[in-house]
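Colleague: For reference, the chains in residue letters:
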Amino acid sequence: MEDKKTEESGRIPGSRKNAVFGIVILFAVFPFIAGDYYVDIGFFFGIYALLGLSLNIVLGEVGLFDLGHAGFYAIGAYTTAILNTQFGIPILVLLPVSALAASLFAYVVCSPIIHLKGDYLCIVTIGMGEIVRLALINNPFDLTGGPNGVFGIDFPSLGGLLVIDSSIEFYFLIWIVVALSIIGLLQLQQSRIGRAWNCIREDEVAAEANGIDVRSFKLLAFVLGAGLAGVAGNIYASKLMCVSPESFTFWESCLLFSIILIGGMGSIPGVLIGAAAISLFPEIFRPFAMFRMLVFGAVMILMMMFRPAGILPRKRGGMGFRPDHGNPVDDK
Amino acid sequence: MEFRTEKKRSERMKRNDNGILLRTDQLTKSFGGLTAVCRLNLRVHRGEISCLIGPNGAGKTTVFNVVTGIYRPDGGDVLFNGESISGKKPHQIVSKGIARTFQNIRLFSNMTCLENIMAGQHCRASAGVWSSVFGTSRQKEEEKRIRDVAESRLRLVGLWKFKDEPAKNIAYGSQRMLEIARALATQPKLLVLDEPSSGLNDRETEDLIDFLKSVLKEDLTIFIIEHDMKVVMEISDWVTVMDEGRKIAEGTPEEIYNNPVVIEAYLGKEEFSEEEGSYDGPAPC
Amino acid sequence: MHVVLEQIINGLTIGSFYALIALGYSMVYGVLKLINFAHGDFFALGSYMGYTLLVFGTAFLTSHLGLWGGMIAAMVTAAICLALIGILVERIAYRPIYPAGRLPAVVSALGASIILQNLIMVVWGPRYRAYPAALIPNIQMQVWGIHFTLLQLVILTLSFILMGFLYYTIQKTTFGAAVRASALDRDTAALMGIDFNKVIFFIFTLGPALGAMTGVMVGMYYRQISFIMGWNYGLKAFTATILGGIGNLPGAMFGGLILGVLEMMGAAYLSAAWKDVFVFLILILVLIFRPTGLFGEKTAEKV
Chain A
1 MEDKKTEESG
11 RIPGSRKNAV
21 FGIVILFAVF
31 PFIAGDYYVD
41 IGFFFGIYAL
51 LGLSLNIVLG
61 EVGLFDLGHA
71 GFYAIGAYTT
81 AILNTQFGIP
91 ILVLLPVSAL
101 AASLFAYVVC
111 SPIIHLKGDY
121 LCIVTIGMGE
131 IVRLALINNP
141 FDLTGGPNGV
151 FGIDFPSLGG
161 LLVIDSSIEF
171 YFLIWIVVAL
181 SIIGLLQLQQ
191 SRIGRAWNCI
201 REDEVAAEAN
211 GIDVRSFKLL
221 AFVLGAGLAG
231 VAGNIYASKL
241 MCVSPESFTF
251 WESCLLFSII
261 LIGGMGSIPG
271 VLIGAAAISL
281 FPEIFRPFAM
291 FRMLVFGAVM
301 ILMMMFRPAG
311 ILPRKRGGMG
321 FRPDHGNPVD
331 DK
Chain B
333 MEFRTEKKRS
343 ERMKRNDNGI
353 LLRTDQLTKS
363 FGGLTAVCRL
373 NLRVHRGEIS
383 CLIGPNGAGK
393 TTVFNVVTGI
403 YRPDGGDVLF
413 NGESISGKKP
423 HQIVSKGIAR
433 TFQNIRLFSN
443 MTCLENIMAG
453 QHCRASAGVW
463 SSVFGTSRQK
473 EEEKRIRDVA
483 ESRLRLVGLW
493 KFKDEPAKNI
503 AYGSQRMLEI
513 ARALATQPKL
523 LVLDEPSSGL
533 NDRETEDLID
543 FLKSVLKEDL
553 TIFIIEHDMK
563 VVMEISDWVT
573 VMDEGRKIAE
583 GTPEEIYNNP
593 VVIEAYLGKE
603 EFSEEEGSYD
613 GPAPC
Chain C
618 MHVVLEQIIN
628 GLTIGSFYAL
638 IALGYSMVYG
648 VLKLINFAHG
658 DFFALGSYMG
668 YTLLVFGTAF
678 LTSHLGLWGG
688 MIAAMVTAAI
698 CLALIGILVE
708 RIAYRPIYPA
718 GRLPAVVSAL
728 GASIILQNLI
738 MVVWGPRYRA
748 YPAALIPNIQ
758 MQVWGIHFTL
768 LQLVILTLSF
778 ILMGFLYYTI
788 QKTTFGAAVR
798 ASALDRDTAA
808 LMGIDFNKVI
818 FFIFTLGPAL
828 GAMTGVMVGM
838 YYRQISFIMG
848 WNYGLKAFTA
858 TILGGIGNLP
868 GAMFGGLILG
878 VLEMMGAAYL
888 SAAWKDVFVF
898 LILILVLIFR
908 PTGLFGEKTA
918 EKV
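Chains as they are written, first to last, in my numbering: chain A, 1 to 332; chain B, 333 to 617; chain C, 618 to 920.
In short, the hints are calculated from the structure, not lab data.
Built from N, CA and C at the ideal position, the CB exists for glycine as well.
Please note: incorrect hints may appear among the correct ones.
Only pairs whose alpha carbons sit at most 27 angstroms apart, straight line, appear in this in silico DSS-like list of lysine-lysine [as the list claims (entries may be wrong)]:
#, chain 1, residue 1, chain 2, residue 2
1, A, Lys117, B, Lys421
2, A, Lys17, B, Lys476
3, B, Lys420, A, Lys117
4, B, Lys495, A, Lys17
5, A, Lys17, B, Lys472
6, B, Lys500, A, Lys117
Here are some chain A residues pointing at chain B (derived, C-beta under 7 angstroms) [said to hold, decoys possible]:
#, residue
7, Phe27
8, Ser191
9, Arg195
10, Ala196
11, Asp203
12, Glu208
13, Asn210
14, Asp213
Whenever a hint applies, use it, and build me the whole structure from the sequences.
Modeller: Pasting the structure below:
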């Protein structure tokens, strides 16, 4: 958390520096004054923030419609679950392993489909996500435990010195990971790579004609996005101590998609706002019980009516999207 | 009509094979039943401004798209600096040194003018994910170099005042110059411009001509599709004329200006074909 | 051999469901370039309305119209209700958002889908509902040793009539030409005097109405309906749409039928548990090798 503050101060103008500092303090103090229930909500807010950041790379920065992102999340969670329960590998060791597994999966699966545009890519990612979920349900090689999933996953520990098992510790684990990711992603946004991604989002043909290897950079976005989602899966699995296919449905992918669009495409503060909306909304509207999802849907529609670019759109860019005409080879 | 004649004689002496930067050899490209480009042999000489002209639908833009790798040719070859580039991807061709602009300007419209030009430097930089995430000193230096080059290019086209403005907010003529500046930022050997003067008023066109002449150095060659005959005659060293996918003439601007075949292609052929008997329309490909 | 033919009949039955739902997706996509996520829920809502009509109108419907008449009445009423709901959803959730671009419209469609789905849950409850067996004709048939039910035959006939009707309207009538023209180029179509609002009205009444009829048929065929079935069928139908080439109506019909048959064949000869995986794999393979779908035209990139 400290890193986040110092790193960002170099780039963010004074007025915003204080705001960032305030938010960091708020996040750091919150778990000590709130009860465990609220700390857990904060933890899930963190999970959604991390997932939002990961999808933001693909959808926000590059403009690729990915409605199967829960698939990458699932790969991360199940990698952790299986390797931990079967071979007893510590969770923290599995953190990078899960990220790599999800990245590798994204690379293999996305390589043949990366040339597809717009809605066509969207439907293929939906298919990919569904295949992952169905495969988990069908329990291949007796690894995934079928519809019930995998139980008995360990807590993360540092060689017996520190065991992360309380709500507060999980809260800090996820938010430190989120903070580090934000720092890294802010760096990427300012770099040659972030620019190349944005160029592809703005005009793919012009990007290619300016020497950007569109195919590789799209793949890179998927691989990095999947990796971060894999990290989220790892932490999620160890927090819940079990994983099951119903956590990784198409619905979950849609929620992640909404995080980005509610917050604002390609905007990191926007992702945090979107993740907050997704994770806090059901809690705030808990008294409405059955009707809360109705309200949620209505809010989504109203949002798009009155703030189509999201709550906190990226400063420089707007939506970055022009009407697209359904042709898979030419969307201009 | 004003011709570009100042260095005509010396240039013509140099127009041997060694001076050829870009050559197409029997280049063919068809779409469905339509042969857009048919067995085209075309030459672009080093250090010159070459123009590709022809009536609408002659296949000029298709030639550009094949040369810059956006289309894959169906037959024949494209040689750049003596090396075959046909079938290579556009970004590979850019790093080999061919940069282009588009007939309908294609900028990264929500990015600032400076970022647009910085994007042009992409292929001349190499920072990867990890060096960008950790901000290594090499990456920082490279980033500074990219910014410096981009800033100098932006000043060169006189758009410095718009550096933080999103590209979509500047005037049409400025957008065109920005697109050319972006292409120049890729540090090309050959600059390929698709109708750079279209949509510009007379003054802007004059500025464009002056600008192109000023950037024409020994290591930069320019290849243009142009409709405006005044511009063509004024800036070209060499003109290639296409009609219905074929080359029907090539030569210096004066030669082209007086070539009956060219006049025929532009004005229709009834009145000429019998008397001249030189050109009976393209043979089936 | 008989078993294969029976599987094909089963596949065609499911396929005709997918095809009818896919038509709704395809029409909206063709004209508005919008993935109408709510369309699957129109279908589900139609199914529930048919259920309510059949259950609560039992005495009246069956005594006055007979078993088959009751079924048709339920379908028609559900279709009319959904046509109204469809146009309502378009007015409230989509129309104000078109100017903002495509992505906001997709999110809004997701929002509409969530609302409809939860509306069903609130009204009919989260548990499965069963179409009453007594109200559904159950007659087994056998032709040349091939077993099938009369209901299947009726569903297939009805589906083909509906598809034929839609095909005729779109391909042969002046109004259909207006719809096709709007799909190709909305601005030019408007300049030619085509009233775009009428086109939208058409696709947002007919699509949901077809969906509702399909919903009633699915309810009668499978007996069980649930509030999440909109997602499942919607996803399959959308797959069918893509398979046939998005925006291409005959393509959507064939895509649906092919998908149904493939799914049945996959279930029968590969593995029932993996049939959906099989379906999605085929979808992905088709898109890799023929990105415009099985019936889509190949188009060159215009630069």
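Colleague: Work down the list of hints and note, for each, if the structure agrees.
Modeller: Against the structure, the hints:
1. For the hint linking A/Lys117 to B/Lys421, the alpha-carbon distance of about 18 angstroms falls within 27 angstroms, and the restraint holds.
2. For the hint linking A/Lys17 to B/Lys476, the alpha-carbon distance of about 24 angstroms falls within 27 angstroms, and the restraint holds.
3. Restraint check for B/Lys420 and A/Lys117: the C-alpha separation of about 21 angstroms stays at or below 27 angstroms, so the hint holds.
4. A distance of roughly 25 angstroms separates the Cα atoms of B/Lys495 and A/Lys17; the hinted pair therefore holds under the 27 angstroms criterion.
5. With a C-alpha separation of about 22 angstroms, the suggested pair A/Lys17 and B/Lys472 falls inside the 27 angstroms cut-off, and the hint holds.
6. Among the hinted pairs, B/Lys500 with A/Lys117 is consistent with the structure: their alpha-carbon atoms are about 23 angstroms apart, no more than 27 angstroms.
7. At a threshold of 7 angstroms, the smallest CB-CB gap from A/Phe27 to chain B is about 22 angstroms, leaving the interface hint violated.
8. With 7 angstroms as the threshold, the beta carbon of A/Ser191 comes within range of chain B, its nearest partner Cβ sitting at about 4 angstroms, so the hint holds.
9. Residue-level restraint check for A/Arg195 holds (minimum Cβ-Cβ distance to chain B is 5 angstroms; threshold 7 angstroms).
10. With a least beta-carbon distance of about 6 angstroms to chain B, the hint placing A/Ala196 at the interface is held under the 7 angstroms criterion.
11. Hint status for A/Asp203 relative to chain B: holds, with the closest Cβ pair at about 5 angstroms, below 7 angstroms.
12. Using the Cβ-Cβ criterion of 7 angstroms, the hint placing A/Glu208 at the interface with chain B is satisfied: the shortest such distance is roughly 4 angstroms.
13. With a least beta-carbon distance of about 5 angstroms to chain B, the hint placing A/Asn210 at the interface is held under the 7 angstroms criterion.
14. For A/Asp213, the shortest C-beta to C-beta distance to chain B is roughly 5 angstroms, which falls under 7 angstroms, so the interface hint holds.
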